[in-house]
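K.L.:
Sequence:
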Amino acid sequence: MKSNSKQQGFVLVTALIFLMVLSVLGVMALRGSLFEERFAANDRDLALARENAELALRDAERDILGIRFDGQFCVGLCTLQRPAGTRPANAADALTFWISTNDAVNDVAFKDGGLSEPPNKQGVYTRLPVALDPSPACVKPLWSGADWNDGVARACDGSTTVAVPTVAFGTFTDAPFTAANVPRPRYMIEMFTTKDLNFSSTSTKLFFRITAVGFGRTTGAGGARTSVTLQSVFSPL
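Residue 181 in this note's numbering sits at position 139 of the sequence shown, with consecutive numbering throughout.
One or more of the hints may lead you astray.
In silico DSS-like links for lysine-lysine, alpha-carbon gap of 25 Å or less [what the hints assert, rightly or not]:
| hint | residue 1 | residue 2 |
| --- | --- | --- |
| 1 | Lys-247 | Lys-163 |
| 2 | Lys-163 | Lys-237 |
| 3 | Lys-237 | Lys-153 |
| 4 | Lys-247 | Lys-237 |
| 5 | Lys-153 | Lys-247 |
| 6 | Lys-163 | Lys-153 |
Pair ranges (Cβ atoms, derived) [what the hints assert, rightly or not]:
| hint | residue 1 | residue 2 | range |
| --- | --- | --- | --- |
| 7 | Arg-86 | Thr-271 | 15 to 23 Å |
| 8 | Ile-59 | Glu-96 | 53 to 61 Å |
| 9 | Leu-64 | Ser-186 | 34 to 42 Å |
| 10 | Thr-271 | Leu-72 | 53 to 61 Å |
| 11 | Ala-71 | Val-194 | 33 to 41 Å |
| 12 | Ala-126 | Ala-210 | 16 to 24 Å |
| 13 | Ser-242 | Ala-134 | 29 to 37 Å |
| 14 | Met-70 | Asp-216 | 21 to 29 Å |
| 15 | Asn-132 | Asn-162 | 14 to 22 Å |
Read the hints as simulated data drawn from the structure, not as lab findings. Fair warning: this is a prediction, and the values are worked out from it, not measured in the lab. A virtual CB, placed ideally from N, CA and C, is assigned to each residue, including glycine.
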């Protein structure tokens with residue numbers, strides 16, 4: 043009888059230990075599943091943000107070219123138009139518009155991105171040579187002080203002490219944005235001549251550095267959103 047009692051007690055303890063091990067394994071499996079789900083959700087959010095940033099890069103190129111999302115020139119068609127004469131009006135005009143010897147391009151960009159100008163002049167920046175402008179508007183990289191409307195407070199060091207302006211997707215191209223519960227991606231444009239870039243070439247080509255930020259659906263502390271920043275260099279000619 044004593045032997046049977048001992049055996050029954052041993053079986054009970056073994057069963058309890060086995061159940062505890064199963065419980066621990068179950069909890070670990072559940073946590074692993076939740077972690078993988080969150081990881082996958084983060085990946086999807088980053089992919090969405092990157093896709094939106096790429097949309098903004100293409101939209102900025104259309105803004106520079108002066109065309110709508112459907113390829114038509116904006117003059118007389120776009121809801122909000124850049125000032126007259128600062129973008130090509132037609133295909134023939136576009137062939138010779140974007141060269142540094144064209145006086146019209148002097149009104150395209152501003153040192154502060156048109157901070158104090160009407161909305162249709164904002165978002166395009168120029169930079170004078172250091173010899174002429176020893177105190178540039180933004181000491182740190184311009185895009186790091188930009189107002190991306192992503193819930194993160196920023197300011198541009200230097201003579202510009204407030205967040206520098208950016209442009210929302212579709213503002214100048216009427217491009218539709220269909221993603222639900224996601225802010226429109228934004229972009230800013232910097233215009234450079236070959237002299238600005240210290241090229242020895244006598245080329246009159248203009249170059250545009252586009253910085254775009256796309257957003258995901260996830261919102262964190264303080265309203266900051268998942269975001270992806272992309273850059274490209276574009277020349278119309």
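K.L.:
Give a verdict on every hint.
P.N.:
Here's how the hints hold up against the structure:
1. Lys-247 - Lys-163: Holds, at roughly 22 Å.
2. Lys-163 - Lys-237: The hint holds at about 24 Å.
3. Lys-237 - Lys-153: Since the Cα atoms of Lys-237 and Lys-153 sit roughly 16 Å apart, the hinted pair holds (cutoff 25 Å).
4. Lys-247 - Lys-237: holds (10 Å)
5. Lys-153 - Lys-247: holds (20 Å)
6. Lys-163 - Lys-153: holds (12 Å)
7. Arg-86 - Thr-271: 15 to 23 Å: Since Arg-86 and Thr-271 have Cβ atoms about 18 Å apart, the given range 15 to 23 Å holds.
8. Ile-59 - Glu-96: 53 to 61 Å: Once the Cβ atoms are compared, 55 Å apart, the range 53 to 61 Å for Glu-96 and Ile-59 holds.
9. Leu-64 - Ser-186: 34 to 42 Å: violated (52 Å)
10. Thr-271 - Leu-72: 53 to 61 Å: violated (35 Å)
11. Ala-71 - Val-194: 33 to 41 Å: holds (37 Å)
12. Ala-126 - Ala-210: 16 to 24 Å: Hint holds: Cβ distance 22 Å, inside 16 to 24 Å.
13. Ser-242 - Ala-134: 29 to 37 Å: Given about 31 Å between the Cβ atoms, the range holds.
14. Met-70 - Asp-216: 21 to 29 Å: Given a distance of about 53 Å, which is not inside 21 to 29 Å, the answer is violated.
15. Asn-132 - Asn-162: 14 to 22 Å: For Asn-132 and Asn-162 the Cβ distance comes to about 19 Å; the hint holds.
Checked against the numbered hints above, the structure breaks hints 9, 10 and 14 and satisfies the rest.
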